[in-house]
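Dock chain B against the given chain A, drawing on the hints supplied.
Letter by letter, the chains look like this.
Number of protein chains: 2
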Amino acid sequence: MSTKPPGGTRDFLPEEIRRREYVVRIVRDVYERYGFEPLETPAFENIGTLLGKYGDEGNKLIFKILKRGEYEASREADLALRYDLTVPLARVVAQYQNELPKFFKRYQIQPVWRADRPARGRFREFYQCDIDAIGSASAVVEVEQIAAVNEILTKLGFADFRLLVNHRRILTGLLEVSGIAAAQHETALVALDKLDKIGHKGVEAECAARGIEPQKTTSLLEMLRDIFTVPLDGESSTGLINTSRLESLDNFLASTAYAGAVGELRAIVRLVGSTPAAERVFVDPRLARGLSYYTGAIMEVAVDGIGSLGGGGRYDNLIGMFLGRDVPACGFSLGLERIIVVMTERSMFPATVARGGVDVMVTIWSDEARGDLLTLAAELRRAGLRVDVYPESDKLGKQVKYAASRNVSFVAILGDDERARGEVAVKDLRTGDQQSVPRAEAPQFIARRLNPEP
Amino acid sequence: MSTKPPGGTRDFLPEEIRRREYVVRIVRDVYERYGFEPLETPAFENIGTLLGKYGDEGNKLIFKILKRGEYEASREADLALRYDLTVPLARVVAQYQNELPKFFKRYQIQPVWRADRPARGRFREFYQCDIDAIGSASAVVEVEQIAAVNEILTKLGFADFRLLVNHRRILTGLLEVSGIAAAQHETALVALDKLDKIGHKGVEAECAARGIEPQKTTSLLEMLRDIFTVPLDGESSTGLINTSRLESLDNFLASTAYAGAVGELRAIVRLVGSTPAAERVFVDPRLARGLSYYTGAIMEVAVDGIGSLGGGGRYDNLIGMFLGRDVPACGFSLGLERIIVVMTERSMFPATVARGGVDVMVTIWSDEARGDLLTLAAELRRAGLRVDVYPESDKLGKQVKYAASRNVSFVAILGDDERARGEVAVKDLRTGDQQSVPRAEAPQFIARRLNPEP
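Protein sequences appear in the order of chains A and B. All residue numbers for the first sequence refer to numbering that gives the first Met the number 0, where the first residue is 0 and numbers rise by one. All residue numbers for the second sequence refer to numbering that gives the first Met the number 0, where the first residue is 0 and numbers rise by one.
I should point out that these hints are in silico values taken from the structure, not numbers from a laboratory. Heads up, the beta-carbon is just placed ideally off N, CA and C, and yes, glycines get one too. Some hints could be false.
Stated by the list, open to error - Interface residues of chain A toward chain B, partial, derived using beta-carbon atoms under 7 Å: (1) Glu-39; (2) Gly-47; (3) Phe-62; (4) Ala-93; (5) Gln-96; (6) Glu-124; (7) Gln-127; (8) Arg-354; (9) Val-357; (10) Arg-380.
Chain A extracted, bound-state conformation (with noise of 0.2 Å):
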């Protein structure tokens, strides 16, 4: 029988949770800071909770969960996985509308499943990392969003980030503009948001494969461009860049009924001035976000080189779907696997959660000794260390060696010329370096080389 994990899912060993744990503490720590609070539901839904929510093809991804005991012999699917995280959260506005605040503002980070093939980067089981902030249509709330994504990337480490907004309205007023047919707008924008990886050619052969005549999709192209390409005298600060693109958005869309959408972005954009996200972010009229069910802003974290780490925006015909009338939202996604495997591959996560688990590992000298052992073990914990007793008399080299393979920092040895002398003698296996000091300072002895001060 395989001892694998089942195909698409992983398991987590020490080290990768160290990683993983690094950056949902920071995640969670800037969300709280921005006035999300957490919420968990369920691993399962009843399935038709679920069910008819995702399209036809999300329908064949979902996990399906067989009745039980009596029931089971039909072979009936009563629950099912988690796909998401929005369709729990909308069923959670409902029933407890009466108990949860006006403007109800939660992130949510857990996992979600999808019978995806599996693939390189592609997992049946994976994190989703959601905050959505529900009741209130003001602009005030997507500014607040983009400032805690920005403070959390900037908090991860990431330098060369850009922060894009758009507006789904103004998209939908470019492709009027540009003479597309209300009902070609969707095959529009999945194509536009593919611009990235395959070009105006690519963006014009597929629209013209669907329908769209080519003329139209150019012209809707150049649009984007021109509205883009912001003329550079000397220098041009993001403020200038987006004031340039916001202008040439007033340009294409004053005498259309789109105009206010220009003027929303306008606000969110100046509002945003106002907060430590202000250089980060850029209008890009070309964003435009694969999920149909957006209404309003949409949002997206570009990093050069690696692409898209999270987006969001404004959906407001979507959290009411159990309570039957519409609701404001706006929401962002962060791709939490996605941020741990740039991480990794560029070494981002420091020392200490590279060190490993263990701080100092007490050695054991005879059996005589180990009740000694264990008193110094509690002292060392006391002072806050993450400690170790090799839980076998054995020759002090082999547990050394043992300690030095899982990584441990330190040593702690209490030999018979040690104890008669009231000493420890510490030895720092990143150096090498051993030394013998008081026993009642050696906590704070290696609590300072753990962490020295800056």
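Coordinates of chain B only, in the frame set by chain A:
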């Protein structure tokens, strides 16, 4: 359509998550300081990994997942939801045997799923919280686990718990001495495990009903009482009580094959004396623990009037199930769900956990002021405060009322007057006090009042 979570599962709203996180953080922190490292496994396993591992009853309670895509029509299951954390650990130990350290100590805190009939306090999705130490038969292993659990319960604020220890082979010896046949040991232990609830008479009745001659059960129970009862002269310390019980055990088992087990238990009790758990540990010959897979020491956390909050023991024949050879192992499972229930009932959570997820709410006066208010929010967040911004321009009274309803501690008001003076009005919603402070000092002003020096 119902918007409730599926039967036996729960949505965790922010307040509940804060309580759970508080407990989990202490558990993890202590286990890490004891050298345990985190492990996570997928929510589902290949169905063959789980079937047959939990007995006939267990098999029925496993949630099974239908095959997908072209195989869905077969109505067969190929995956099953995690049922406990021990079988996945055994799989991991086999799969990564060349990567894992010789002494692998892991903690794992993840949900498991069992299709039990839902009832008060019994869920179909619940968290397990396990530590296991694999690879050593040394008593140091048991002692370190006992010390860690003692530290966790102490840190959580439990003052009235005892850590009971016994040894599976001591029980076997006492059963043998009582004349109960080996084939009936399992039955007797299952009954004995309920001694607390059903008393001597109940155990005797259950054993009799299952074919054990009454005088044998009576003899067992009397022997257990004799061992348990320590003649008190003056004050009896924990150490004296345990010494007396171990001596009684020696007397009953000296001439049997089980004398060694008393020696093992004595070694554990003696070593515990060198740890902070010394005064908490009591030899209890009546402790049976239901699970038949224990092979050595067994242990349990007992709280007066509450019962067990967790338990564990040594089980040397289980973790190697996928390896094809025995591997020494010892584990402890904390009853996380039970601990949270008890702590909630006893109001054991600190005020910071009850206070809510937002420290300060910034009010919004007017659309023009929004930029400045976002800057103020950024200043407050930089000091580590959890800050929410009321998203819309609304009447101040309404905003303050909203903040109060959300259990927010402070409201920051930046009206025209305050702005002109470079100040912020800070209202403490806990006391009703309002005070204007220089804007630059506002973050520290609030932070100090939230966490006053002791």
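- So which hints don't hold here, by number, going up? 5, 7 and 8
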